[in-house]
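Chain residues, written in single-letter form:
Protein chains: 2
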Amino acid sequence: MDLYELTMAQSYYRHRFKAQATFDLFVRHLPPNRSYLVFAGLEDVLRYLKNLKFSQEDLDYLERLGFGEDFLTYLGRLRFHGDVWAMPEGSVFFPGEPVIRVTGSLIEAQIIESFLLNAVNLSTMVASKASRIMIAAGGRGVYDFSLRRAQGIDAALKVARSAFISGFSGTSNVLASKLYGIPAVGTMAHSFVLSFSSEAESFRAFFETFPNKSILLVDTYSIQEGIKNAIRVAGEFRARGHMLQGIRLDSGNLAQQARMARRMLNESNFKEVKIFASGDLDEYKIEKLAASGAPIDDFGVGTRMGASADAPSLDVIYKLAEVTNEGGVFLPTMKFSRNKVTLPGRKQVFRCFDKRGFCKEDIIGLEHENPGEPLLKKVMHAGELVCGLRPLSEIKETAARNMSSLRKEYRLLRRGASYPVLLSKDLKKLVAGLARHLKKPGS
Amino acid sequence: MDLYELTMAQSYYRHRFKAQATFDLFVRHLPPNRSYLVFAGLEDVLRYLKNLKFSQEDLDYLERLGFGEDFLTYLGRLRFHGDVWAMPEGSVFFPGEPVIRVTGSLIEAQIIESFLLNAVNLSTMVASKASRIMIAAGGRGVYDFSLRRAQGIDAALKVARSAFISGFSGTSNVLASKLYGIPAVGTMAHSFVLSFSSEAESFRAFFETFPNKSILLVDTYSIQEGIKNAIRVAGEFRARGHMLQGIRLDSGNLAQQARMARRMLNESNFKEVKIFASGDLDEYKIEKLAASGAPIDDFGVGTRMGASADAPSLDVIYKLAEVTNEGGVFLPTMKFSRNKVTLPGRKQVFRCFDKRGFCKEDIIGLEHENPGEPLLKKVMHAGELVCGLRPLSEIKETAARNMSSLRKEYRLLRRGASYPVLLSKDLKKLVAGLARHLKKPGS
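Chains as they are written, first to last, in the working numbering: chain P, 1 to 443; chain H, 1001 to 1443.
I should point out that these hints are in silico values taken from the structure, not numbers from a laboratory. All figures in this text were calculated on a predicted structure; none of them were measured in a lab. Just so it is clear, CB atoms sit at the ideal spot from N, CA and C, and this is done for glycine as well. It is possible that some hints are incorrect.
As the list claims (entries may be wrong) - Restraint-style ranges between C-beta atoms, simulated for each label pair:
no., chain 1, residue 1, chain 2, residue 2, range
1, P, Asp-58, H, Gly-1241, 30 to 38 angstroms
2, H, Ser-1055, P, Glu-397, 26 to 34 angstroms
3, H, Lys-1050, P, His-81, 40 to 48 angstroms
4, P, Asn-33, H, Lys-1053, 40 to 48 angstroms
5, H, Lys-1425, P, Asp-280, 33 to 41 angstroms
Claimed, not checked - Each computed DSS-like pair below joins lysine-lysine, with the alpha-carbon atoms no more than 27 angstroms apart:
no., chain 1, residue 1, chain 2, residue 2
6, H, Lys-1335, P, Lys-213
7, P, Lys-425, P, Lys-378
8, H, Lys-1360, H, Lys-1377
9, H, Lys-1355, H, Lys-1408
10, P, Lys-335, H, Lys-1213
11, P, Lys-213, P, Lys-228
12, P, Lys-274, P, Lys-285
13, H, Lys-1378, H, Lys-1053
14, H, Lys-1178, P, Lys-50
15, H, Lys-1053, P, Lys-178
16, H, Lys-1271, H, Lys-1288
17, P, Lys-429, P, Lys-360
18, H, Lys-1274, H, Lys-1213
19, H, Lys-1288, H, Lys-1408
20, H, Lys-1213, P, Lys-18
21, H, Lys-1335, P, Lys-274
22, P, Lys-178, H, Lys-1050
23, H, Lys-1335, P, Lys-228
24, P, Lys-377, P, Lys-396
25, H, Lys-1425, H, Lys-1335
26, H, Lys-1288, H, Lys-1335
27, H, Lys-1335, P, Lys-285
28, P, Lys-355, P, Lys-425
29, P, Lys-360, P, Lys-428
30, P, Lys-53, H, Lys-1178
31, P, Lys-335, H, Lys-1285
32, P, Lys-335, H, Lys-1228
33, H, Lys-1355, H, Lys-1425
34, P, Lys-335, H, Lys-1274
35, P, Lys-335, P, Lys-429
36, H, Lys-1377, H, Lys-1355
37, H, Lys-1213, H, Lys-1228
38, P, Lys-428, P, Lys-335
39, P, Lys-274, P, Lys-178
40, P, Lys-360, P, Lys-425
Here chain P stands alone, though its shape is the one from the complex:
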């Protein structure tokens, strides 16, 4: 956590120990070219809250930083006992809408801030990026190849999971595959081809090792010769009853190469051999390749998806919405500084659908209202999970269902429409009332 969570906590401990509060986690603005976001990262958040505690070693370190003994004794016993409401992972959501709402002791609800923001920022950013790539791929398979350029090992794991939620078919990341049950995929590197006395020899060696699932990388030397070698070796193995699974193109003009490869493969009666393409791909390049009609069956996507290159962070924030006064009564609160206004009170997000099942508009309202389908569900009660963690397959279905309820104008990769998010009558009234009685900043 950030040090300021703990400095604030020590001050709360001494001055506002009994205070209860509600915080909202939401995204303030959409990144460029986005019209929607896909919520992910909740599982990490729930695991964190479930396991939050300070070890003796942690407390010793904090003592060295100058924290007081009274506060550290309290911290040593601290567990998270709050209530958490959240949208299900895989939900489509929009700026301003709380995706997680935490109510609990002011200290407990405050010190979890940094972790919650970190977890939701990464997974939501990547799930949203991956969802755009799936739109561009238009039904072709897409695989996560981002481990080497993801920002750290933790990121690589979360990227594989988030991309899978948004529709990817698998990952090259073996640990992610093992931890999350995502199909593992892999081919070969250029170094493999270079390690043998000839390209054909390297193909033979690989084919022999994986007779029924070889994907051969054909662009180490000349692509045309590479495809010829792949066809020759595949022919040798076909005679022994084994079929080449595919070839991979990793550089240059992928559309042109794919056309040549398809033609050459078909002429040699290898119609079922698939063509994989990779190499600095993102939704913009894939959209172009798809539009050109290039006969590419599957895409491998790495760097640009893994670090969400065109939007490497989200404007995700965690803001106080209400806090109890000295008498223990919850008072709604908000921040008025310019361009950074927050919404007060214990809120719910409601979604309204049209007759055909498409999302029409969302309404941010207060908990007691009911203008549409409420999106925030209670996931933690007094620090305990209300239900278990959801299987990844179910989260993937949520994402697919959410995306299919989104009209086309919101699924454009550029200059998409702005989805209407309104404030409910009661919330507007509350905001107006607070603005009128704006707490004087004086003493």
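Could you slot chain H onto chain P? The hints should help.
Structure of chain H alone, referenced to chain P:
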């Protein structure tokens, strides 16, 4: 690791078991606006190599993925026994220059690829970004506030470490502070101010908790009123012998606000109270603030540094440079595909200095040559560390020394000069020879 490391390894195990190889890790191209990079991430790499092994659980999982029993038995016993040469962390380097060179069994040297790339990509990218921010700050203090928007928890730790290497003074990340011995810093959030009945009350509570190291956030309501409240409360505490450390500005026109704050503080005889600024800062904004003469003492930098927003990945690659033939003789090798040419042989990077100690040019050569100061040092011999891991303070000094040896034209934030990196005579000869005798891709 990526699955393909293991598919290749199984094929090597069966076909090229005795092969030895050398791989180079380097960055192909500089990101936009960069003229140099700062190497970081080596410590992670060395820890990984030292501890590399497959658990029974890992092997069971790989068996389910279809790997052969012979290969898995071998994997269960596998440890890394290779030699590693590397530039010291904190070194300034340029595209094409190997920063890590690995020689060992082909299998061992191959399967570590994904981790090495991931580790060097993240830490080097951030150390380079942070170094630019230090240039912009021109002697003012800079602190890492990026935990909440870094891409995962692992990234947040590495960001704090890399930024510290490049000259940052501290981090808000308590775990990074504990693990790496980096000074921890922290102030308060807007929610703290909102949690009390008035801004002044919140300042009093915080001040009372930290009487000698309070930094008050003054922009929750009106900035002018916030500064007035800070001065009033600081006056109350000064009467009791305690001094306010600083105030923090977090939004709006920071230069204007800093001027107003400085004037108001000075008028109230608070000349020693520091002004901290934060809020979406990066080297470009800090350069502007510094140029405007804004009286800001220290900067807090988060999102844009933490995810290296304008260059969220490096073009870092790991390429085969030589491999033994069937007779056990090392043969230099290279990849010729268009725009992706690699350099063959066991290489060294040499740096040449001018009389005043500035870097003049670098020469990539073969190990036996000697045209300048060799930058790659042996850090691992047969899988064992040659020396221990270097203390972070020493790495920070390396970075400072390297940066001070870099002429101003290479330290510009935009349109910097292109530093000369040449190939040695012998390396050129080797490349020409290999190009002439380019291995035929045919069988």
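Structure-based check of each hint:
The beta-carbon spacing between P/Asp-58 and H/Gly-1241, approximately 32 angstroms, falls within the hinted interval of 30 to 38 angstroms. Range check, H/Ser-1055 to P/Glu-397: Cβ separation about 32 angstroms, and the 26 to 34 angstroms hint holds. Hint check: H/Lys-1050 to P/His-81, Cβ distance near 41 angstroms, so the stated range 40 to 48 angstroms holds. Distance hint check: the CB atoms of P/Asn-33 and H/Lys-1053 are about 44 angstroms apart, consistent with the given range 40 to 48 angstroms.
Distance hint check for H/Lys-1425 and P/Asp-280: the Cβ-Cβ separation is about 34 angstroms, which falls inside the suggested range of 33 to 41 angstroms. Between H/Lys-1335 and P/Lys-213 the CA atoms are separated by roughly 25 angstroms; this keeps the pair inside 27 angstroms, and the hint holds. At most 27 angstroms may separate the alpha-carbon atoms for a hinted pair to count; P/Lys-425 and P/Lys-378 meet this at roughly 24 angstroms. For the hint pairing H/Lys-1360 with H/Lys-1377, the CA-to-CA distance comes to about 20 angstroms; that is within 27 angstroms, so the pair holds.
Taking the CA atoms of H/Lys-1355 and H/Lys-1408, the gap is about 16 angstroms. The hint holds against a cut of 27 angstroms. Between P/Lys-335 and H/Lys-1213 the CA atoms are separated by roughly 25 angstroms; this keeps the pair inside 27 angstroms, and the hint holds. Using a Cα cut-off of 27 angstroms, the hinted pair P/Lys-213 and P/Lys-228 holds, with the two alpha carbons roughly 19 angstroms apart. Taking the CA atoms of P/Lys-274 and P/Lys-285, the gap is about 20 angstroms. The hint holds against a cut of 27 angstroms.
Under the criterion of a C-alpha separation no larger than 27 angstroms, the hint pairing H/Lys-1378 with H/Lys-1053 is consistent with the structure, at around 23 angstroms. With a CA separation close to 23 angstroms, the supplied pair H/Lys-1178 and P/Lys-50 stays within the 27 angstroms bound. Between H/Lys-1053 and P/Lys-178 the CA atoms are separated by roughly 16 angstroms; this keeps the pair inside 27 angstroms, and the hint holds. At roughly 24 angstroms between alpha-carbon atoms, H/Lys-1271 and H/Lys-1288 fall within 27 angstroms of each other, so this suggested pair holds.
Of the supplied pair hints, the one linking P/Lys-429 and P/Lys-360 holds, its CA atoms being roughly 23 angstroms apart against a limit of 27 angstroms. A distance of roughly 11 angstroms separates the Cα atoms of H/Lys-1274 and H/Lys-1213; the hinted pair therefore holds under the 27 angstroms criterion. For the proposed pair H/Lys-1288 and H/Lys-1408, the alpha carbon gap of about 18 angstroms is at most 27 angstroms, so the pair holds. Between H/Lys-1213 and P/Lys-18, the direct Cα distance comes to roughly 25 angstroms. Compliance with the 27 angstroms bound is thereby established for this hinted pair.
Among the hinted pairs, H/Lys-1335 with P/Lys-274 is consistent with the structure: their alpha-carbon atoms are about 25 angstroms apart, no more than 27 angstroms. In summary, the hint linking P/Lys-178 to H/Lys-1050 is supported, as the alpha carbons are separated by about 23 angstroms, within the 27 angstroms threshold. Distance check on the hinted pair: H/Lys-1335 and P/Lys-228 sit about 18 angstroms apart at the alpha-carbon level, within 27 angstroms; holds. Proposed proximity of P/Lys-377 and P/Lys-396 is supported: the alpha carbons are some 18 angstroms apart, at most 27 angstroms.
Distance restraint check for H/Lys-1425 and H/Lys-1335: the Cα-Cα separation of roughly 20 angstroms lies within the 27 angstroms cut-off, and the hinted pair is therefore satisfied. A threshold of 27 angstroms between alpha carbons decides the hint, and for H/Lys-1288 with H/Lys-1335 the separation of about 44 angstroms lies outside it, so the pair is violated. In summary, the hint linking H/Lys-1335 to P/Lys-285 is supported, as the alpha carbons are separated by about 25 angstroms, within the 27 angstroms threshold. The straight-line distance between the Cα atoms of P/Lys-355 and P/Lys-425 is roughly 24 angstroms, inside the 27 angstroms bound, and the hint therefore holds.
In summary, the hint linking P/Lys-360 to P/Lys-428 is supported, as the alpha carbons are separated by about 20 angstroms, within the 27 angstroms threshold. Using a Cα cut-off of 27 angstroms, the hinted pair P/Lys-53 and H/Lys-1178 holds, with the two alpha carbons roughly 16 angstroms apart. At roughly 25 angstroms between alpha-carbon atoms, P/Lys-335 and H/Lys-1285 fall within 27 angstroms of each other, so this suggested pair holds. For the proposed pair P/Lys-335 and H/Lys-1228, the alpha carbon gap of about 19 angstroms is at most 27 angstroms, so the pair holds.
The suggested pairing of H/Lys-1355 with H/Lys-1425 holds, with an alpha-carbon distance near 24 angstroms, which does not exceed 27 angstroms. For the hint pairing P/Lys-335 with H/Lys-1274, the CA-to-CA distance comes to about 25 angstroms; that is within 27 angstroms, so the pair holds. With a CA separation close to 16 angstroms, the supplied pair P/Lys-335 and P/Lys-429 stays within the 27 angstroms bound. Only pairs whose Cα atoms come within 27 angstroms are accepted, and H/Lys-1377 paired with H/Lys-1355 is accepted, the gap being roughly 24 angstroms.
Proposed proximity of H/Lys-1213 and H/Lys-1228 is supported: the alpha carbons are some 19 angstroms apart, at most 27 angstroms. For the suggested pair P/Lys-428 and P/Lys-335, the alpha carbons sit about 15 angstroms apart, so the restraint of at most 27 angstroms is met. A hinted pair counts as satisfied when its Cα atoms are at most 27 angstroms apart, and P/Lys-274 with P/Lys-178 qualifies at roughly 26 angstroms. The suggested pairing of P/Lys-360 with P/Lys-425 holds, with an alpha-carbon distance near 18 angstroms, which does not exceed 27 angstroms.
When the structure is compared with the earlier hints, a violation turns up for hint 26 alone.
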